[in-house]
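Protein chains: 2
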Amino acid sequence: MTLPILYNCPPSGNCYKVRLFAALVGIELEIRNVDLAAGAQKTAEFTALNPWQQVPVFQDGETVIWDSQAILVYLAETYGKHDWLPSDPVGRAKVAQWLSVAVNEIQHGPADARLVKLFGYPLRYDDAAKASERTLKIIDDYLSGHKWLATERPTIADCAAYPYLALAPQGEISLEPYPSLRRWISDVEALPGYIPVDQ
Amino acid sequence: MTLPILYNCPPSGNCYKVRLFAALVGIELEIRNVDLAAGAQKTAEFTALNPWQQVPVFQDGETVIWDSQAILVYLAETYGKHDWLPSDPVGRAKVAQWLSVAVNEIQHGPADARLVKLFGYPLRYDDAAKASERTLKIIDDYLSGHKWLATERPTIADCAAYPYLALAPQGEISLEPYPSLRRWISDVEALPGYIPVDQ
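Heads up: the sequence lines are chains A and B, in that order. Residue numbers for the first sequence follow numbering that gives the first Met the number 0, beginning at 0 and rising by one. Residue numbers for the second sequence follow numbering that gives the first Met the number 0, beginning at 0 and rising by one.
Among the clues, some could well be false.
[Claimed, not checked] If you want the footprint, here are the derived chain B segments under chain A, 3+ residues with CB under 8 angstroms:
no.	segment
1	35-48
2	70-80
3	102-112
4	133-141
[Claimed, not checked] Computed Cβ-Cβ distance ranges for the label pairs, DEER-style:
no.	chain 1	residue 1	chain 2	residue 2	range
5	A	His81	B	Leu2	29 to 35 angstroms
6	B	Leu2	A	Tyr124	41 to 47 angstroms
7	B	Ser185	A	Ala39	34 to 40 angstroms
8	B	Asp34	A	Asp186	22 to 28 angstroms
9	B	Phe118	A	Pro121	42 to 48 angstroms
10	A	Pro191	B	Gly25	32 to 38 angstroms
11	A	Gly38	B	Asp125	50 to 56 angstroms
12	B	Glu61	A	Pro121	29 to 35 angstroms
13	B	Arg31	A	Asp34	50 to 56 angstroms
14	B	Tyr120	A	Met0	50 to 56 angstroms
15	A	Met0	B	Pro50	27 to 33 angstroms
16	B	Lys136	A	Ser86	24 to 30 angstroms
For the record, the hints were derived by calculation from the structure and aren't laboratory data. Here a beta-carbon is modelled for each residue, glycine too, at the ideal position from N, C-alpha and C.
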C-alpha cells in the first residue's frame, strides 16, 4: 500500500497542523522532510508541486494539495472524518471562519513572532507582537464561552489554530494573560492520539 | 419572507466578495451598511456579532457568520450551489487552498496597498507593494495554465480572490505585467449576473 506523502519540515507549525490531525484520527502518512535551509523548496521540482515554495505539500497519487488548511479539509473529506469537519452548512461555515483566523490573524501574530525569534526571519517583530496581543485577547474571550473553536467538539479548526497558539512562547509571546486559551490548549493536548510538535 | 442580512460597507472588497457571489447565483440579501468611519463596528452590539469588529457579518435567523470566505461557504452550502463549491474531497480542498490565498497573500498584498492609498490606513505600503508583486506573479503564472482558480469552472474561490485582485490599481499596483490575471479578471466580469464593486 502506498501511503500519501507529506512534504514536511519538523519545526514548521503549518506542517504540524497536518501531522497532529493525522495522529488524532489515525491516518498514516509518509513524511518527507524538505531541507528549507538548503533552499530545497525553491527547486523547479518542488515549485511544480507548490508555486508558493512552502511546506507543507500533500501528495496522494496524482492529487497535490498545498496550504495546511486545505490539506486538513482534504484529509477529513477523504477519510470521512465528518465529526472533525461537519457536513451541515453552519458547521462548515464555522470551521471555515476559524481556518481563516489560522491563516491570517494567527499567522501574522504569534507565528510570525516565532519565525523572527526562533529562525531569524526578516519580519517586523513589533508588528507581530502587537497583532498577537489583539488576536490572543479575542480568542481568549471567545474561549471563555466556548469549549472548542467551531462546534461543540474538536474539529480541524482546532488543529489549524492550535500549533502557533500553543507555540507562541517560542516567539516570546506570553500566554499567561489568557486563561481560557490555556485551558483550551490543555484540552487539545488531552485528546487521544495527541502528539507534540517535535514528535 | 425575511431575507438574510449582510452587514456591509460599500467600498469593502471583503463585503463585495459576498455581494458578488449572491448576485452571480441569485441570492437576495438585506444590505445593512455599517458606518466604519463613525466606529459603528466597535459598538458592543456589533462586537457581539463579530469579535474582530470587522465587516462583513452575515446573519440568517439565529445564525451569525463572520469572515467573508466563511460566508461564501455558508451561502453555497445553504443554497445548494455545489457547482460553486464542489462536494468531492479534491474539489473542496482546491477551493480551500484559494480561500487561504484570498485571506492571506491577497489580503496582505493588493488589499493592504489599497487600504493605504484609498483610505489612509496606517499600514506599511512598501511591504504591501512588495508582497503584491510576488503574489500577482504567482497567480498570473498559475492562470496561464488554468481558466479558473480551483476547478474547471468558477467557484467561490474566484469570488473570494477577484475583488482585491481586480481592485489592485486602486492601491497603485499595476496589473499590466500580468496578462493571464487580466484575462481571468475579464472572464469573471463576463459571468452572467456579475456586478461591479460600486453596485
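Evaluation of the provided hints:
no. : hint                                    : verdict
1   : 35-48                                   : violated (count 0)
2   : 70-80                                   : holds (count 5)
3   : 102-112                                 : holds (count 5)
4   : 133-141                                 : holds (count 3)
5   : A/His81 / B/Leu2: 29 to 35 angstroms    : holds (30 angstroms)
6   : B/Leu2 / A/Tyr124: 41 to 47 angstroms   : holds (46 angstroms)
7   : B/Ser185 / A/Ala39: 34 to 40 angstroms  : holds (37 angstroms)
8   : B/Asp34 / A/Asp186: 22 to 28 angstroms  : violated (39 angstroms)
9   : B/Phe118 / A/Pro121: 42 to 48 angstroms : violated (28 angstroms)
10  : A/Pro191 / B/Gly25: 32 to 38 angstroms  : violated (46 angstroms)
11  : A/Gly38 / B/Asp125: 50 to 56 angstroms  : violated (25 angstroms)
12  : B/Glu61 / A/Pro121: 29 to 35 angstroms  : violated (46 angstroms)
13  : B/Arg31 / A/Asp34: 50 to 56 angstroms   : holds (52 angstroms)
14  : B/Tyr120 / A/Met0: 50 to 56 angstroms   : holds (52 angstroms)
15  : A/Met0 / B/Pro50: 27 to 33 angstroms    : violated (45 angstroms)
16  : B/Lys136 / A/Ser86: 24 to 30 angstroms  : violated (37 angstroms)
When held up to the earlier numbered hints, the structure conflicts with 1, 8, 9, 10, 11, 12, 15, 16 and fits the remainder.
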